[in-house]
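> Below, each chain spelled out in residue letters.
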Amino acid sequence: MTASPTVRSELLRQRSRSARLFLLPMILALAVVAGWPLLRTIYFSFTDASLTNIDAAKWVGFKNYLSWIQLKSGRTIYSGLLVDPAWWNAVWNTVRFSVISVALEAVFGMIIALVLNAEFKGRGIVRAAILIPWAIPTIVSARMWGWMMNDQFGILNDLFMRVGLIDHPIAWTASSDTAMIAVLIVDVWKTTPFMALLILAGLQMIPGDIYEAARIDGVHPVKQFFRITLPLVKPALMVAIIFRLLDAMRIFDLIYVLTPNSAQTKTMSVLARENLIDFDKFAYGSAQSTLLFLVIALMTMLAIWIGRVKLDGGER
Amino acid sequence: MTTIRMQDLRKSFGTFDVIKGVDLEIEPGEFMVFVGPSGCGKSTLLRLVAGLEDITSGTLAFDEKIVNSLTPSQRGIAMVFQSYALYPHMTVYDNMAFGLKLAKGSADDVKRRVHKAAEMLQITDYLDRLPKQLSGGQRQRVAIGRAIVRDPKVFLFDEPLSNLDAALRVATRLEIAKLHAKMHETTMIYVTHDQVEAMTLADRICVLRDGNVEQVGTPLELYEKPQSIFVAGFIGSPKMNFLTEQFADAYKTDILGVRPEHLEIKDKDGLWKGKLLLAENLGSESFLYIDIGAKEPLVVRQDGSAHQQPGELLCVAPVNNNIHRFDQSGRPAAN
Chain A
1 MTASPTVRSE LLRQRSRSAR LFLLPMILAL AVVAGWPLLR TIYFSFTDAS
51 LTNIDAAKWV GFKNYLSWIQ LKSGRTIYSG LLVDPAWWNA VWNTVRFSVI
101 SVALEAVFGM IIALVLNAEF KGRGIVRAAI LIPWAIPTIV SARMWGWMMN
151 DQFGILNDLF MRVGLIDHPI AWTASSDTAM IAVLIVDVWK TTPFMALLIL
201 AGLQMIPGDI YEAARIDGVH PVKQFFRITL PLVKPALMVA IIFRLLDAMR
251 IFDLIYVLTP NSAQTKTMSV LARENLIDFD KFAYGSAQST LLFLVIALMT
301 MLAIWIGRVK LDGGER
Chain B
1 MTTIRMQDLR KSFGTFDVIK GVDLEIEPGE FMVFVGPSGC GKSTLLRLVA
51 GLEDITSGTL AFDEKIVNSL TPSQRGIAMV FQSYALYPHM TVYDNMAFGL
101 KLAKGSADDV KRRVHKAAEM LQITDYLDRL PKQLSGGQRQ RVAIGRAIVR
151 DPKVFLFDEP LSNLDAALRV ATRLEIAKLH AKMHETTMIY VTHDQVEAMT
201 LADRICVLRD GNVEQVGTPL ELYEKPQSIF VAGFIGSPKM NFLTEQFADA
251 YKTDILGVRP EHLEIKDKDG LWKGKLLLAE NLGSESFLYI DIGAKEPLVV
301 RQDGSAHQQP GELLCVAPVN NNIHRFDQSG RPAAN
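Protein sequences appear in the order of chains A and B.
In terms of our numbering, the first sequence opens at residue 1 and continues consecutively.
In terms of our numbering, the second sequence opens at residue 1 and continues consecutively.
Hints were generated in silico from the structure; no laboratory data involved.
Since this is a predicted model, take the numbers as computed values, not measurements.
Glycine included, each C-beta is placed from N, C-alpha and C at the ideal position.
A few of these clues could be false.
What the hints assert, rightly or not - Just a few of them, taken from the derived set where beta-carbon distance is under 10 Å, the chain B residues facing chain A: (1) Gln74; (2) Met79; (3) Leu100; (4) Leu102; (5) Ser106.
Generate the whole structure from the sequences, applying the supplied hints.
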């Protein structure tokens with residue numbers, strides 16, 4: 001008996017040694033493809049780097065973020081990312097897009113998951129079919145929708161005109177009134193299946209006998225959803241929403257392809273790329289990328305923290 | 001006080017008939033146990049009474065009122081599930097009060113009824129806990145409590161003890177017996193595959209087999225006068241010995257049934273002779289497996305532990321001619 005603790009700790013040491021060994025390749029790969037670029041980006045955001053001559057970058061401190069000069073008249077002129085209206089427009093676009101798209105996806109995903117959770121013939125085929133929008137590469141679906149939303153040849157305008165919903169063709173992706181709506185439609189169409197799948201997994205964790213008990217208690221179906229199904233699927237739903245929110249905050253490809261150069265839809269990622277590549281303001285773009293990274297990192301930490309708080313004290 | 005009457009009750013899932021025409025009347029305040037092997041349709045029959053399954057044909061009446069198309073809550077029933085089926089996100093109190101609150105009971109009335117039921121089941125201390133913080137036995141009490149607060153006309157149990165360990169099963173069985181005594185005006189139906197539960201709890205037992213009623217009667221009736229080989233073999237543990245050929249011929253019947261407890265070892269002049277194959281010692285009693293030349297070894301129950309050794313030659317005879325005679329069809333033979 002006296003020997004057992006040392007034997008066990010030796011075993012434990014062996015285990016953690018092999019665990020570290022197995023983790024090493026992954027950590028190395030992450031360091032090369034994620035860690036190094038991230039550090040470089042943060043570094044460049046404090047320099048005056050230009051795409052044409054990256055190596056000549058000089059340290060400029062926080063100038064890209066915020067700088068000011070005092071004029072002789074006593075007026076102070078601020079410049080830099082934190083006072084750039086284009087940046088704050090992109091932030092607002094990103095937040096607006098994320099909140100609306102994730103909210104819609106959560107509602108539609110829940111409805112679809114509830115339908116798919118019911119027993120009916122051909123459920124397997126429907127479950128597979130519903131995933132198709134999600135499986136199509138974003139570039140392809142963005143182009144596809146781009147054509148469908150075309151003001152002259154698009155099927156969407158044709159349909160709506162025939163039905164009588166609109167009396168003249170709408171330039172969905174080009175018009176400043178509808179560009180964000182167009183992006184939202186495509187993103188909801190594309191990502192709702194993912195949401196539905198995650199929620200469906202949560203729904204299937206709920207034991208069926210609870211619903212029988214509810215029938216005996218005489219619970220109205222609407223009440224049954226809000227008092228039984230929703231509280232029980234909430235953990236899965238919250239995970240899905242947080243995943244999607246983090247994902248939506250860095251949206252790039254859909255907007256880049258569907259509505260290029262639209263101030264109404266330009267998000268943080270799109271703006272950062274524009275500065276990095278198109279405008280040759282490499283340092284400024286790096287600063288934007290760094291801020292975007294900080295925002296998402298903060299949200300992730302918040303999500304994890306909220307999740308842990310719930311685990312500890314949330315459930316009585 | 002509710003009478004339950006089933007007339008030619010049938011249930012099919014697709015082309016598969018589960019309940020094949022059940023006629024049964026359950027008296028007001030009676031404790032009726034449905035018993036049978038798995039797949040006999042006993043749980044389905046209970047779910048038909050509960051309203052959790054649609055009746056394919058036939059009628060189900062509570063007090064002469066046909067309830068075929070009423071929802072479970074309209075039928076005034078309460079049910080205890082094998083898996084407890086508690087709402088995992090609600091406290092014990094809320095689990096019990098949920099149905100009442102929905103039925104627009106006054107807050108005071110709900111509170112009073114929940115506390116009364118909780119006291120009856122001794123779960124008052126756990127009212128603020130979640131189901132996952134309770135043991136299996138406590139959970140089952142909460143499930144029973146949730147059923148009690150509904151003040152049901154008909155109380156249904158679907159194998160409520162199956163998920164409990166042996167000691168707890170006996171204790172909870174006693175609780176249910178006490179509950180029945182307290183709620184003697186409530187008609188209760190209890191489904192089990194355990195014939196000990198059936199024998200100890202039931203006023204009357206309904207033995208089901210392949211979707212048909214095999215026999216209905218008090219526990220003693222079933223034990224003493226089984227109307228078929230199936231019932232004779234199902235009720236009693238260990239099961240009845242069945243002998244054929246020369247053993248049955250001696251009693252002028254096709255199949256002879258003798259319960260292990262109705263056989264005794266004789267020093268000599270036994271009716272049947274054979275070698276002892278195996279002796280199972282339970283302390284208070286023992287079971288002897290004797291090869292008397294029949295198809296299966298004869299099981300004999302004996303008080304106290306067995307002193308006989310395997311291989312020993314033993315003589316056996318039925319006590320007081322306590323035997324059952326069946327014909328080829330498995331029905332009791334006419335005298």
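> Work down the list of hints and note, for each, if the structure agrees.
Going through the hints against the structure:
no.: 1; hint: Gln74; in the structure: holds (8 Å)
no.: 2; hint: Met79; in the structure: holds (5 Å)
no.: 3; hint: Leu100; in the structure: holds (9 Å)
no.: 4; hint: Leu102; in the structure: holds (6 Å)
no.: 5; hint: Ser106; in the structure: violated (17 Å)
When the structure is compared with the earlier hints, a violation turns up for hint 5 alone.
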